[in-house]
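Participant: If you want the building blocks of each chain, they are given just below.
Protein chains: 2
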Amino acid sequence: MLIVKKFGGTSVADKDRIFNVAKRVAEDYRDGNDVVLVLSAQGDTTDDLIAKAHEITKRPSKREMDMLMTVGEQVSVSLMAMALQDMGIPAVSLNAWQVPMKTSSAYGAARLKSIDSDRIQAEIDHRRIVVITGFQGINKYDDYTTLGRGGSDTTAVAVAASLKADKCEIYTDVDGVYTADPRIVKKARKLKEITYDEMLELASLGAQVLNNRSVELAKKYKVKLEVRSSLNESEGTIVKGGTKVEKLLITGVACDRNAARISVMELQDVPGVAFNLFNLLAKNNINVDVIIQSAGREGTKDITFTVDESNLEESVSILEEHQEELRFKNIIVNSDVAKVSIVGTGMMSHAGVAAKMFEALYDAHININMISTSEIKVSVLIDEKHAEKAMNAIHDKFGLED
Amino acid sequence: MLIVKKFGGTSVADKDRIFNVAKRVAEDYRDGNDVVLVLSAQGDTTDDLIAKAHEITKRPSKREMDMLMTVGEQVSVSLMAMALQDMGIPAVSLNAWQVPMKTSSAYGAARLKSIDSDRIQAEIDHRRIVVITGFQGINKYDDYTTLGRGGSDTTAVAVAASLKADKCEIYTDVDGVYTADPRIVKKARKLKEITYDEMLELASLGAQVLNNRSVELAKKYKVKLEVRSSLNESEGTIVKGGTKVEKLLITGVACDRNAARISVMELQDVPGVAFNLFNLLAKNNINVDVIIQSAGREGTKDITFTVDESNLEESVSILEEHQEELRFKNIIVNSDVAKVSIVGTGMMSHAGVAAKMFEALYDAHININMISTSEIKVSVLIDEKHAEKAMNAIHDKFGLED
Chain A
-3 MLIVKKFGGT SVADKDRIFN VAKRVAEDYR DGNDVVLVLS AQGDTTDDLI
47 AKAHEITKRP SKREMDMLMT VGEQVSVSLM AMALQDMGIP AVSLNAWQVP
97 MKTSSAYGAA RLKSIDSDRI QAEIDHRRIV VITGFQGINK YDDYTTLGRG
147 GSDTTAVAVA ASLKADKCEI YTDVDGVYTA DPRIVKKARK LKEITYDEML
197 ELASLGAQVL NNRSVELAKK YKVKLEVRSS LNESEGTIVK GGTKVEKLLI
247 TGVACDRNAA RISVMELQDV PGVAFNLFNL LAKNNINVDV IIQSAGREGT
297 KDITFTVDES NLEESVSILE EHQEELRFKN IIVNSDVAKV SIVGTGMMSH
347 AGVAAKMFEA LYDAHININM ISTSEIKVSV LIDEKHAEKA MNAIHDKFGL
397 ED
Chain B
-3 MLIVKKFGGT SVADKDRIFN VAKRVAEDYR DGNDVVLVLS AQGDTTDDLI
47 AKAHEITKRP SKREMDMLMT VGEQVSVSLM AMALQDMGIP AVSLNAWQVP
97 MKTSSAYGAA RLKSIDSDRI QAEIDHRRIV VITGFQGINK YDDYTTLGRG
147 GSDTTAVAVA ASLKADKCEI YTDVDGVYTA DPRIVKKARK LKEITYDEML
197 ELASLGAQVL NNRSVELAKK YKVKLEVRSS LNESEGTIVK GGTKVEKLLI
247 TGVACDRNAA RISVMELQDV PGVAFNLFNL LAKNNINVDV IIQSAGREGT
297 KDITFTVDES NLEESVSILE EHQEELRFKN IIVNSDVAKV SIVGTGMMSH
347 AGVAAKMFEA LYDAHININM ISTSEIKVSV LIDEKHAEKA MNAIHDKFGL
397 ED
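In the order they appear, the protein sequences are chains A and B.
So the first sequence is numbered by my numbering: it starts at -3 and just counts up by one.
So the second sequence is numbered by my numbering: it starts at -3 and just counts up by one.
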């Protein structure tokens, strides 16, 4: 069996943890399996490198940032290869160039385009464990790129797809996918299985178990994913295709506290105004989430939307720079908001799921700011301080603990 | 003018030093020159990375060590590019793969084979300062290699040669080449010029100003080298071709305290015994320096030679492993020895130079262990404790302070 295993930065933070991973991997190898490891940068390395850059300049170019950041994983993979070799297991480390893993050119937020599996396969054929840098790639200019935080999951799935691996295991600090974050909802229950689509909605809604793009890729290439704990041997959650077998109406409750709300007030009500506004943000690689448009004062309109908190400052300054051409009066922002969502393929065939969620919030005296729905999810924006109460109320209402 | 400038690890150790270098380089750039920078890893980075590896395993594979080590320069070059950009100067960093700089396959001790200057030239044509990783290369397997300590000098000269640069400036913590190490010989004098050949002998004899291989390359490709101080603006020493113009008999006195002496006792006196012994060491990439063969007890012979102290342990264990086939009785080692040498093209046309050196040592009551000579140098092996006294005595004898 060919298994791709991905371990995050915490799992390779120091000597002991590196050997813990090496031992786990060694078992699989000795059982006759072929193993490919995908690693992130050690512990705080990424943050340390960012700090190093910010000491030099407040606005480092993205190209040079990626040149700097990519050393993080290279350190991890070489140390892991050394640890495996020390245990008598043949291993070789490869970085993005050596594989090679090609991406789009967008520094800091590149998309994986192709993985050449020839070298990896050749190393596997020599019965070596191949240790690959996650999170990074190279672009058409022969420059290093990074996939953005959490990108190592994507690397792992893409490597699994290109090798037609039997399984791709993502090791995290939680031991699977829960019906809600167990730190917030005490009655949260671990799911044995979840569909790609449900996982996708959960991932994009702030359940930080798996990177979104990695699930998309897994779905596209039918990679059997498994989310497992890096801390213990307990069974994880399998993410796979197909429709829901369990009879649950919804699969989980997720909460995204990093949402920030931006209201652009009193825009001229002319055709194309919404397009212009969102096109401007899109061109700057800012993802907009929930959008609401409402009538403003005196024939104008107000547009309210959410972005990730990390994009708030940039979004506002971009909008302000274009105030004249967009013709709005002012901007109101609020980052003390949380987006709480329910997800489940079950709701596709059941009416009243959204209503049931709203009822739960009403019972808990929580005010809803904005609402957004898709086929398999319902999201509401509420005050951040109510997030915990809201999640528990919804979890209870849908009886997810059973 | 196209100038290649090489700065060592101390010169880029922290933010302030990085900006110091950036400012110096910026002046050249603003004067209309094209500049290529070659950098080593920051300060103690190399040692830190070695420590990281040794924490994992006592004997890391050389391939993985190079994978680990090469991140050091990548950090330096990206930070330097950021610093230059912060000052408004276009800059781009490149590592060994991006150039690319191809080397032989010997991990940890690779030789530069070729530098493709297309990308560097293209970046220069865009009026960018190109910041290149020294010390590293890639081999035919698409793996990273390192050139060994001091390899950044070689990188700089090779880059200068491939670009047909007008000048290659090597910035060090000394401000030029002296007639002897000024820390040891107080009367040492800075030389304005020195020939490649003299510099070669000095470099290989322990004057740690320039890496030997870099001078060889400079000589081969007629690269005009200049050794300058990274700490001040004082004029340095120019290393160039031609024969000596100054009337000095010798150019300098050098001392290598890292020499270690190995005596292989009572070898069978049969043909090929010396060849077998030294071939064995060569195959393990161990450089042997001075060699003396003398008659041993009862028809046997003794062979004594020196190696670098860092190779002592490995040399001895290799010899002991092959004791049976080499047929010797025992090995005696001594690492408390120093090699003191005088160098100068002037001695080619003058007899009695060696004798004058021996006289200086005799007057100072210093015993000579071994002697070795070439056309332009004379080396003697003495007890390490006499090294300082020996250098001063010789420096005085030849009147080098004038």
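It is worth saying that the hints were derived from the structure and are not from the lab.
Careful: at least some of the hints might be erroneous.
Note: identical chains are not told apart, hence a pair may lie in one copy or across any two.
30 Å max Cα-Cα, derived BS3-like pairs, lysine-lysine [said to hold, decoys possible]:
no.: 1; residue 1: K220; residue 2: K188
no.: 2; residue 1: K54; residue 2: K11
no.: 3; residue 1: K11; residue 2: K163
no.: 4; residue 1: K48; residue 2: K19
no.: 5; residue 1: K19; residue 2: K182
no.: 6; residue 1: K163; residue 2: K297
no.: 7; residue 1: K54; residue 2: K19
no.: 8; residue 1: K325; residue 2: K183
no.: 9; residue 1: K58; residue 2: K19
no.: 10; residue 1: K48; residue 2: K220
Since the structure is predicted, the reported quantities are computational estimates derived from the model, not experimental observations.
Participant: Sort out which numbered hints this structure fails and list those numbers smallest first.
Facilitator: Violated hints (numbers, rising): 5, 6, 8, 10; every other hint is consistent with the structure.
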